[in-house]
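The listed protein sequences correspond, in order, to chains V and G.
Residue numbers for the first sequence follow this note's numbering, so the first one is 1 and each next one is one higher.
Residue numbers for the second sequence follow this note's numbering, so the first one is 1001 and each next one is one higher.
Hints in this document: simulated from the structure, not taken from any laboratory.
The model shown is predicted, which means the values in this text are computed figures rather than measured ones.
We put the beta carbon where it would ideally sit given N, CA and C, even for glycine.
It cannot be assumed that every hint is accurate.
As the list claims (entries may be wrong) - Capping the alpha-carbon separation at 25 Å, the derived lysine-lysine pairs in PhoX-like fashion look like this:
1) 125/V / 1023/G
2) 125/V / 220/V
3) 159/V / 1065/G
Said to hold, decoys possible - Computed footprint of chain G on chain V; a stretch qualifies when at least three of its residues, placed anywhere within it, have a C-beta under 8 Å from a C-beta of chain G:
4) 153 to 161
5) 288 to 294
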Amino acid sequence: MGGFLLRRVGQIIPTLLFVSILIFGLQQLMPGDPALILAGEERGDPQVLAQIRAELNLDRPIHEQYVLWLGNVLQGDLGFSWRIREPVGKVIIEKLPVTVQLGLMAFAIACLIGIPAGIVSAVRKDRPADWIANGIALAGISTPNFWLGIMMILLFSVKLGWLPPSGYVPLAEDWRQSLATTIMPAFVLGTGIAAVLMRHTRSAMVQAMAQDYVRTARAKGLAERVIVAKHALRNALVPVVTLGALELGTLLSGAVLTEQVFTIPGFGKLIVDAVFNRDYPVVQGVVLVVAVIYVGLNLAADVLYVLINPRLRHA
Amino acid sequence: MTTLAATAAPERIDSPTRRSLRKLVRHRTAMVGLALVVAFVLVAVLAPLIAPFDPTRTSWTAIRKPPSALHWFGTDENGRDLLSRVIWGARASLLAGVVSVAIALAAGVPIGMLAGFRGGWIDALISRLTDAMLACPFLILAIALAAFLGPALENAMIAIGISATPIFIRLARGATMAAKVEDYVEAARAIGNPRWRVAVRHILPNIVPPLLVQATLTIASAIIAEASLSFLGLGQQPPAPSWGSMLNTAQRFIEQAPWMAIFPGLSIVLVVLGFNLLGDGLRDAFDPRGR
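Please work from the sequences and hints to get the whole structure.
This is the structure we're talking about:
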């Protein structure tokens, strides 16, 4: 186990190094001179431009710029927002709890819908319940979540008036209001993942139900419910847990649009606003943080897979 | 594997491709998907002929009118006919889906085959780079790329294409590695074919099925990604119609004119569903285990 962990962490380092090159490289795609954008109305003054270039190290060769940038990043300095005039790291940390709350709620909803639907679908394989579950899952995968969000606002806020159409109240301030503002976006974000979880659960359960131990359990005369829940499900959940963890990337992508639709001031809204304000350090910072979180979650999923699978624990 | 099947059933020898195609035609949901895809392609191609109005012509007397006999899908905030805009919007969506996947295939397949075929440090380098790209969630990478490239449909297609490339690199690499140890590749090399010829003439045709399946499913994701970027204002620029940007405007009028949001969204769902159904059907048809 220790050796496995060490090897796995060792693999991450070159990946993260490439990620940093990639994100630094984004800046080079940018049309025009960043100093001109930053200088604003003083763009005609060559002295101001020279000063900005020196401050941002733009006057140095590109490889030196990268090394300086990476050095700062490793010390936790993600640069300075051009627009909000605050350190990028601080801005990101402020927005993170909002998206984490939304993401956790979405993931809980996804599990509550996706896993039971997958079980029913597998147990009733090739029967109407299976077709219906598969059909809904396919529709879920094919529906852009921002459109689903707009349709839910139309139904629950405009027509029925049950829920606020937008805005966000922090959990610490008023938990009821907080839940009321986040339940719709969390549902929207969760459904896409529920569909994927349903498909994984179904295929893992179909496989598990065909195993010898399930036949043995049946031969012993155990109730079908016990067989499904205790024998098949516990084995089938192993791949589902790890594949589910990978869907957290989808969650982060989805949050960008969902937060935009419901005007929730989280991570996703931050990157979109930064894109429109041409606040490139924030865009870079958010992508970097997302990539690091995602790589970390992948690692956690791999470790979890070994931990919950006894056959791999001693390998 | 083909020889075994042939000896078992000598009365009928069929190529694996034809067998898969026949299986695809019998796959009912795949045919529904194909029908949806063909329908939308026809709508996009024939847009100038079938659209009842000019999609960019504004009319101050027909602002935000609900669906009627004259305007089947209603009109938008500038009095433009929504049906015509949805029809023309199919062009942007399908074009973005197909072009970005073409970019991803053109870049990903040669790089992946190179990694799988050569192995060694080339493979290690390419694999780490692929890992790095996959470490950024698809849409976030596309948004960041589109942001730095600037808002335009072409840039959105490039951004989506680049973001989808690592999937194809990985797939082509894996398939190449599996194919290169097969006897026919060994034989092709033994008779003195240069490496590029072995790769292009002998390996490539054999890795087409998984690539085709993935390409079809990726077109579905790319269409959603284009709609998402356009929704954020990073794709097709107004007044040219695109489903994503129509939804962006529609959200502001959701109380007064819900039809503005319903029809473009339904179109996205239907075309994406079509590609997903077709992709799933192709996967079943080409799956060697199912033969």
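Verification of the supplied hints:
1. 125/V / 1023/G: 21 Å, holds
2. 125/V / 220/V: 23 Å, holds
3. 159/V / 1065/G: 19 Å, holds
4. 153 to 161: holds (count 3)
5. 288 to 294: Since three or more residues must qualify, the claim that chain G covers the region 288 to 294 of chain V holds, with 3 doing so at under 8 Å.
Checked against the numbered hints given earlier, the structure satisfies every one of them.
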